[in-house]
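J.: These are the residues of each chain, in order.
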Amino acid sequence: MGRGITRYLLAATGLVCCSGCGVPVVGLAPESPPVESKVFSRLLGFTPVDSLTPTLRWEALDARTLDAAGEITDVAYELRVWETSSGYSGHLVYVRDNLQQPFHQLEEPLRPGAKYLWTVRAHFTLAGQRWVTEWGMAGYLLRDQVVPNAACFRFETPPRSS
Amino acid sequence: MGLQGIRNAWGRPAARSVFCLAWLATCSACTPSIHDLSPQEARHLRAPLERIGVRTDSDGATLTFQKPAKGILGGAGRGAVVGALTPIAIGAVFPLPGTTFLAALVAPFTAAGGMVYGAIAASSPAEVKNAEAAIGRATAAVRLTRPQLRLRDSVVQQGRARTGRFFVALDEAPEAHVDAVLDLTDQRAGLKGAWRINPPLIAFAETRARLRTPAGDTLLEETVLCSGEERSYVEWAADDGALFAAAMHVCVEALAEKVVDDFFLVYPWANRRLD
Chain A
17 MGRGITRYLL AATGLVCCSG CGVPVVGLAP ESPPVESKVF SRLLGFTPVD SLTPTLRWEA
77 LDARTLDAAG EITDVAYELR VWETSSGYSG HLVYVRDNLQ QPFHQLEEPL RPGAKYLWTV
137 RAHFTLAGQR WVTEWGMAGY LLRDQVVPNA ACFRFETPPR SS
Chain V
44 MGLQGIRNAW GRPAARSVFC LAWLATCSAC TPSIHDLSPQ EARHLRAPLE RIGVRTDSDG
104 ATLTFQKPAK GILGGAGRGA VVGALTPIAI GAVFPLPGTT FLAALVAPFT AAGGMVYGAI
164 AASSPAEVKN AEAAIGRATA AVRLTRPQLR LRDSVVQQGR ARTGRFFVAL DEAPEAHVDA
224 VLDLTDQRAG LKGAWRINPP LIAFAETRAR LRTPAGDTLL EETVLCSGEE RSYVEWAADD
284 GALFAAAMHV CVEALAEKVV DDFFLVYPWA NRRLD
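So the sequence lines, in the order shown, correspond to chains A and V.
Just so we're aligned: 123 in our numbering is position 107 of the first sequence, and the numbers increase by one with no gaps anywhere.
Just so we're aligned: 242 in our numbering is position 199 of the second sequence, and the numbers increase by one with no gaps anywhere.
Among the hints, erroneous ones may be present.
With a cut-off of at most 27 angstroms between alpha-carbon atoms, the simulated DSSO-like pairs for lysine-lysine come out as follows [what the hints assert, rightly or not]: (1) V:K113 to V:K172; (2) V:K235 to A:K54; (3) V:K172 to V:K110; (4) V:K235 to V:K113; (5) V:K235 to V:K172; (6) A:K131 to V:K235.
Chain A stretches covered by chain V per the calculated footprint, using a threshold of three residues with CB under 8 angstroms from any CB of chain V [to be verified]: (7) 41 to 52; (8) 97 to 105; (9) 146 to 155.
Some, not all, of what chain A presents toward chain V, calculated at C-beta under 10 angstroms [to be verified]: (10) L68; (11) A138; (12) P174.
To be clear, the hints were calculated from the coordinates, so they are not data collected in a lab.
C-beta atoms are modelled at their ideal positions from N, C-alpha and C, and glycine is treated no differently.
Given the sequences, and given the hints that come with them, work out the whole structure.
T.: Have a look at this one:
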């Protein structure tokens, strides 16, 4: 009986703790489409977008976001989008390098009613050295895995072009 | 504490937990990863490394293939085990007293149900055998391309192109002429998934990457993993295993990119939380 109550208390404590904490993220955080966390899943949901050429936005890289001492220069973003069926991996459908702004409207239409994984990273110079951020991931962070993986950001396109 | 003392202490749960925590702490301390470093540490570690030698195992990857249950007998057996274990696992984690005991009472019935379901749902032996043969041919074709050497060469190529450092395959240069050696070992590949009747499987490839001094001191260490989409065993085997072979090909390049990124380019940035 005592062990059962202990289990119940542990589970309740876990639920209370997790309800107050946000979604873990590495690299640049996505802004649009926003991440859609699910209650009983460590993986993100597929956020619906209203266009087949959605605009993807992410946080801008600067010394404040990176919490770095020194000036950050020569920032360029690299974006990748994969079409996926299971959400664990996918087929690369869109790549852009050397983006100067922390957003990008896709220049080629995606397939209607399809699911996509996307991620972004920044190349930059700090204190005379070239660096790159990790690929952006959220939810259950798979930092040891190549992209695409189940922790990439997610969206799904509308059934028909709008 | 002597050996006998450790043996005696091991019997006590609290002592066991302390040993386990100490073991985990030791293991994490002895395998430095880029994510454990501060930016200053990463800069100091990478700065003197101008010439990197890349070495790989001469043997091929260790292959493991999760397979579906084969035929009525295979399906019934696997269905019975899954049927019996599922309620017990649920009972064990359910936060109410007595649920494990109740689950154990229910288990024989769910095992019988699982057995019947497994016998019906399992793929025919001929279908699984044909799929095994196709995956075998695809694996042989992938082996012929020497993926471990392609991984090494891709790391060399990407390292030279993207880091400004000089990378060289170590059979082209003696170890004494490099500042650090990147060992790519313990390569594994195959299909993995849950142990079910006909589970969705992920094609995977992984390698252990260890950056060390020529004297053998470890600087950084990480196991990197590449996963493909989920498909059934028979789907992976279609068209002589073409999808599996393609996934392995993509993984070689992706693993090389990840190794070069993590060891030589990534800015260590702690994970954060989105509100």
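J.: Evaluate each hint against the coordinates.
T.: Okay, the hints, checked on the actual structure:
For a cut-off of 27 angstroms, the pair hint linking V:K113 to V:K172 stands: about 8 angstroms separates their Cα positions. Taking the CA atoms of V:K235 and A:K54, the gap is about 25 angstroms. The hint holds against a cut of 27 angstroms. As the CA atoms of V:K172 and V:K110 are separated by approximately 10 angstroms, the hinted pair is consistent with the 27 angstroms bound. Proximity of V:K235 to V:K113 is assessed by CA-CA distance (about 16 angstroms); at most 27 angstroms being required, the pair is judged to hold.
For a cut-off of 27 angstroms, the pair hint linking V:K235 to V:K172 stands: about 18 angstroms separates their Cα positions. About 23 angstroms separates the Cα atoms of A:K131 and V:K235, which keeps this hinted pair within 27 angstroms; it holds. For the stretch 41 to 52 of chain A, the proposed coverage by chain V is satisfied: 5 residues have a C-beta within less than 8 angstroms of a C-beta in that chain, meeting the threshold of three. With a threshold of 8 angstroms between beta carbons, the proposed coverage of the stretch 97 to 105 of chain A by chain V holds, since 5 of its residues qualify and at least three are required.
Counting residues of the stretch 146 to 155 of chain A whose CB lies closer than 8 angstroms to any CB of chain V gives 6, which reaches the minimum of 3, so the coverage claim holds. Hint status for A:L68 relative to chain V: violated, with the closest Cβ pair at about 22 angstroms, above 10 angstroms. Taken as an interface hint, A:A138 checks out: its beta carbon lies about 9 angstroms from the nearest beta carbon of chain V, inside 10 angstroms. Of the supplied interface hints, the one on A:P174 is violated, with its beta-carbon coming no nearer than about 23 angstroms to a beta-carbon of chain V, more than 10 angstroms.
When the structure is compared with the earlier hints, violations turn up for hints 10, 12 and for no others.
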